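Undergrad: Listed below are the residues making up each chain.
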Amino acid sequence: MSAAAIAMTEDDLKTFFSRGVEENMDALYGTALRLTRMGADAEDLVAEAVSKAWAAIGTLEDRQKFRPWIFRILHNCFISKYRRDVARPAGTAIDENDDEALAALLNDQPDEFLVWWANPERQFFNNMLGSAIMAAINDLPDAFRMTIILVNVEGLTYDETAEALGVPPGTIRSRMKRGRTMLQKALWRQARDAGFAMPNDNHRQET
Amino acid sequence: MNSSKTGHDHDDIGCLEAIEAFYAYLDGELSDPGAIEDFEHHMSHCRSCFSRAEVERLINERIGEAGTSKAPDELKSRVRRLLDEF
Chain U
1 MSAAAIAMTE DDLKTFFSRG VEENMDALYG TALRLTRMGA DAEDLVAEAV
51 SKAWAAIGTL EDRQKFRPWI FRILHNCFIS KYRRDVARPA GTAIDENDDE
101 ALAALLNDQP DEFLVWWANP ERQFFNNMLG SAIMAAINDL PDAFRMTIIL
151 VNVEGLTYDE TAEALGVPPG TIRSRMKRGR TMLQKALWRQ ARDAGFAMPN
201 DNHRQET
Chain Z
208 MNSSKTGHDH DDIGCLEAIE AFYAYLDGEL SDPGAIEDFE HHMSHCRSCF
258 SRAEVERLIN ERIGEAGTSK APDELKSRVR RLLDEF
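Chains U and Z are the protein sequences, given in the same order.
The first sequence begins at 1 in my numbering and counts up one residue at a time.
The second sequence begins at 208 in my numbering and counts up one residue at a time.
If we strip away everything but chain Z, and leave its shape as in the complex, we get:
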């Protein structure tokens, strides 16, 4: 990837490169400022990738909502008994 970029000029990254950075960007894990700028610049003029990113955000939301589980009370008591024995 273009880790040496400092963001002075936007490099026109292609869709494949943008897709490479998608999840790191959406998950807040893209740390190189140049890479963030390049990605956002691509998003600002590529309707296809902008739309893909929207879909990914929606999926992230749905995963967050649907994936969360509550520990059953039985398990909670079982673990509490374990902790008391330590």
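Isolated chain U (complex conformation):
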């Protein structure tokens, strides 16, 4: 058990833990929901993570880091228990640390994508519901989806997100770039399929 944990009495520790769990309940449930995509599974996952976290309270070395610590336990519970049951392509097939891969991702875009991104149909974005964006995020590979959720929804810093997902901090920056570029591409496809005018159709304003 760490020095910080030893310094507290059992009661103090329990109070601290309970408060931490309660303060993060919505965020833990929301994250579990994004991971499992099923309400009932998400509730089970949160309950399991809370039990495991209390059993592993000795591994929390810095009380300030409760949030990334418990998110990491939640994530690990998901990986060990649920992920195998979910039939979807694994995000690990992509070399997420390869900066050249990002350049390639951008270079491989059809020109009209980059033009559109610089000058998108405003109406498309004005009408686009948050739920449609979340649906597009849900289709991203797990690693990118979780990074975007923890940073943009739950408000974790890149360092906290790295701790929560058990990866080096630089990986989060790289995942944000790639994940959000993939998201842009998905939104571009939606706009195109919905019949929105592409900027270079008739009024290309790019200089």
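Be a bit skeptical, because a hint or two may be false.
Unchecked claim - Keeping only pairs whose Cα atoms sit at most 27 Å apart, straight-line, the calculated DSS-like set for lysine-lysine is:
1) U:K52 x U:K14
2) U:K52 x U:K65
3) U:K52 x U:K81
4) U:K65 x Z:K283
5) U:K81 x U:K65
6) Z:K277 x U:K14
7) U:K65 x U:K14
8) Z:K283 x U:K14
9) U:K52 x Z:K283
10) Z:K277 x U:K52
11) Z:K277 x U:K65
12) U:K81 x Z:K283
13) U:K81 x Z:K277
Keep in mind that the hints were calculated from the coordinates and are not lab data.
Please read these numbers as outputs of a predicted model, since none were measured by experiment.
Please arrange chain Z on chain U, whose structure you already have, making use of the hints.
TA: Here is chain Z on its own, set in the frame of chain U:
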């Protein structure tokens, strides 16, 4: 990236480099002052990237609004029972 830059003169970074720094900048994670200056300088004269950044901000807002979930009361009671048992 240009971590050695101290921001004395603006380096004209290209769009690809600016796009590389987009999310770190918008998420408040770009810490090198030189890199921040270069990025902001690029934004000040590149209409395309300025517009891209606006779109990204809008998406950030929508994600923040739509992504937040409330834990159901049932789960709250279940966890409270768990905590009481510890």
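Undergrad: Given the proposed pairing of K52 (chain U) with K81 (chain U), does the C-alpha separation stay at or below 27 Å?
TA: holds, 13 Å
Undergrad: Holds or violated: K81 (chain U) with K277 (chain Z), Cα cutoff 27 Å?
TA: Since the Cα atoms of K81 (chain U) and K277 (chain Z) sit roughly 23 Å apart, the hinted pair holds (cutoff 27 Å).
Undergrad: Straight-line Cα separation of K81 (chain U) and K283 (chain Z) no greater than 27 Å?
TA: holds, 22 Å
Undergrad: K52 (chain U) and K283 (chain Z) were given as a pair; does the straight-line alpha-carbon distance stay at or below 27 Å?
TA: holds, 17 Å
Undergrad: For K65 (chain U) and K14 (chain U), compute the direct alpha-carbon distance and say whether it is at most 27 Å.
TA: Within the cut-off at roughly 16 Å; holds.
Undergrad: For the pair supplied as a hint, K283 (chain Z) and K14 (chain U), is the alpha-carbon distance within the 27 Å limit?
TA: Answer holds: K283 (chain Z) to K14 (chain U) is near 17 Å, not above 27 Å.
Undergrad: Hinted pair, alpha-carbon criterion (27 Å max): K277 (chain Z), K52 (chain U). Please report holds or violated.
TA: At roughly 22 Å apart (the allowed maximum being 27 Å), K52 (chain U) and K277 (chain Z) satisfy the hint.
Undergrad: Going straight from one Cα to the other, do K81 (chain U) and K65 (chain U) come out at no more than 27 Å?
TA: holds, 24 Å
Undergrad: Can you confirm whether the C-alpha distance between K277 (chain Z) and K65 (chain U) stays at or below 27 Å?
TA: holds, 23 Å
Undergrad: Against the 27 Å threshold, does the CA-CA distance of K52 (chain U) and K65 (chain U) hold or violate the hint?
TA: Holds - the C-alpha atoms of K65 (chain U) and K52 (chain U) are around 17 Å apart, at most 27 Å.
Undergrad: Can you confirm whether the C-alpha distance between K277 (chain Z) and K14 (chain U) stays at or below 27 Å?
TA: At roughly 24 Å apart (the allowed maximum being 27 Å), K14 (chain U) and K277 (chain Z) satisfy the hint.
Undergrad: Regarding the pair K65 (chain U) and K283 (chain Z), is the alpha-carbon distance no greater than 27 Å?
TA: holds, 22 Å
Comparing the model with each earlier hint shows no violations; every hint is respected.
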